[in-house]
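Asker: Here's the letter readout for the chains.
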Amino acid sequence: MLKVENLTSYYSNIKILKNLSFNLEKGKVLCLLGRNGAGKTTTLKSLMGLVDKTEGKIIFNGEKISGISAHLIPQKGIGYVPQGRRLFSELTVEENLEIGLLTRKKGENIKNNVLTMFPRLRERLDQISGTLSGGEQQMLALARALCIEPSLLLLDEPTEGLQPSMISLIRKSILELKKQGVAILLVEQRVEAILSIADEILVIENGSIVYTAEANEVVKDHKKLYSFLGV
Amino acid sequence: MRKDLILHFGALAILLFLELLGVFSDYHQGNFARILVLAAYGIGYNVLFGYTGLLSLGHALFFSAGLYASGLSIYHLDYNVGQSLILAICFSAFFSLVIGYLALRTVGVSFMIVTLMFSQVGYLCILYFGGITRGDEGIVIQQSSRVFLSLDLSDPTIRYYAALIIFSLCLIFNLWIAKSSFGRVLIAIRENSDRALMLGYNVHLYKLFAVIISGTISGLAGACYGILFGYVGASFAAVPYSIFPLLWVLIGGVGTVLGPLVGAIFMFYLIDYASDITDAYMIIVGITLLVVTLYARRGLLGELRYRYFKWIP
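So the sequence lines, in the order shown, correspond to chains R and F. Using the numbering used here, read the first sequence as starting at 1 and increasing by one per residue. Using the numbering used here, read the second sequence as starting at 232 and increasing by one per residue.
Since the hints were derived computationally from the structure, they do not count as laboratory data. Some hints here could point you the wrong way.
The calculated lysine to aspartate or glutamate pairs, modelled on EDC-like cross-linking and capped at a C-alpha distance of 20 Å, are [unchecked claim]:
id, chain 1, residue 1, chain 2, residue 2
1, F, Lys234, R, Asp199
2, R, Lys220, R, Asp199
3, F, Lys541, R, Glu94
Taking CB as the label site, the calculated pair distances span [stated by the list, open to error]:
id, chain 1, residue 1, chain 2, residue 2, range
4, F, Val340, R, Asp126, 31 to 39 Å
5, R, Glu192, F, Gly339, 38 to 46 Å
6, F, Gly313, R, Asn61, 20 to 28 Å
7, F, Gly339, R, Val210, 33 to 41 Å
Small disclaimer: the values here were computed from a predicted structure and weren't measured. Using N, Cα and C, we set each Cβ at its ideal position, and we do this for glycine too.
Starting from the given sequences, assemble the full structure and let the hints guide the process.
Answerer: Right under this line is the structure:
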């Protein structure tokens, strides 16, 4: 589904990502781990066309998407939930969802599906989104990304700053999406939060992949992974 | 009937009945005709600033583009009112496209500065090409040229109705934008343009459309101003005429359809009454504006919407 070959990204002339290569299959969860400033968020931004200077190839569903305009990438079926949620905070929950749905034909069906997944949002459709709790805002950010019916979802630290009950809700949603065949590229700092949902793990350090492993291997033996993360 | 429609069409009906019932004195009739045309200009400005979040400091350029397109075509080419209006609309739209294409290469403060600079270039061009524009002196459009469908637009009553029609058209168009998918995308861009991009919207193109719509409405208002009041002058291209719509929108309510009208009435009569009291009326105006912005940060209508009436578009 997603094939990244030698992805290199720059901010000005500083090389942030160095020859990243990885694949992600339908219905799988690939987790990017790494310390602060390792290049995890830049990887997601590069995939979404938000980094001005990139090299290498990004192929999604057999089509090269590297180099195309950023607004066309979501139209190919890639959803992105950035760190910090970034809602349209002055708009209501419903308006936030509708803006996500405007580009879709069967908007009402999609909205119903999304609200079935997040029933709490259904109760708050008229509420201004900026007044939601952190967990609800994260749900809304995720729900809005789902409005474009993505087959690949990029999530940047979706559990950051959330209470345990919300973390488990978000995790449940990710598992549900995985079951529906959505491929997920997940950036996380908290190893324990992802081991039960990830299929594969990549560790990035200074813009390069330094460790890859199947999640079940890591479950059996944490030591190597933790040594890369400095835990 | 929906509440938002009742509010807006009710406001238009009030403006119509005030005239029909002869409530206005000659003085206030003239004032309100002027306010309505200027409020139409404010609506144009609000599309860009209030709905899309792009703060322009050079909208006098678009206002004067329409003003001069119609005024010069009547003065030099003997166009009639209808022809000059069509020319003004087309010219303003094309002009907005060009200026928007160039100015939207920048964002934030740079966008404000670039629009201000374009506006200054326009103002200086009007002065420089004084042979055509009559520079500082301006052009007086004769009464005989201000006739449309056999109606004398210099007649105060007809002028009021003409101003009300122009304002109503702009208001209805703005209401439609506010309720349309297009308007919601503009609001999304205002709130968070990166997120709008990530939902698959071509943010740059939407912003360009917003500039074109905003510039065209402003140009239409400029053309109507010249035709209805019979004067085309360089002062309308100067900095104050870029700041006025910003003030009307800020005072009336950013991103509200009726905000520019509320702001224009408030500002017009504030200056009018304050200047009756003292020559230093700008002190009173300044203090009042400070109080309004301190206690109604979202503008008068914006604050009402925020506190009580969430449905106001």
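Asker: Are there hints from earlier that the structure breaks, and if so, what are their numbers?
Answerer: Violated hints (numbers, rising): 1 and 6; every other hint is consistent with the structure.
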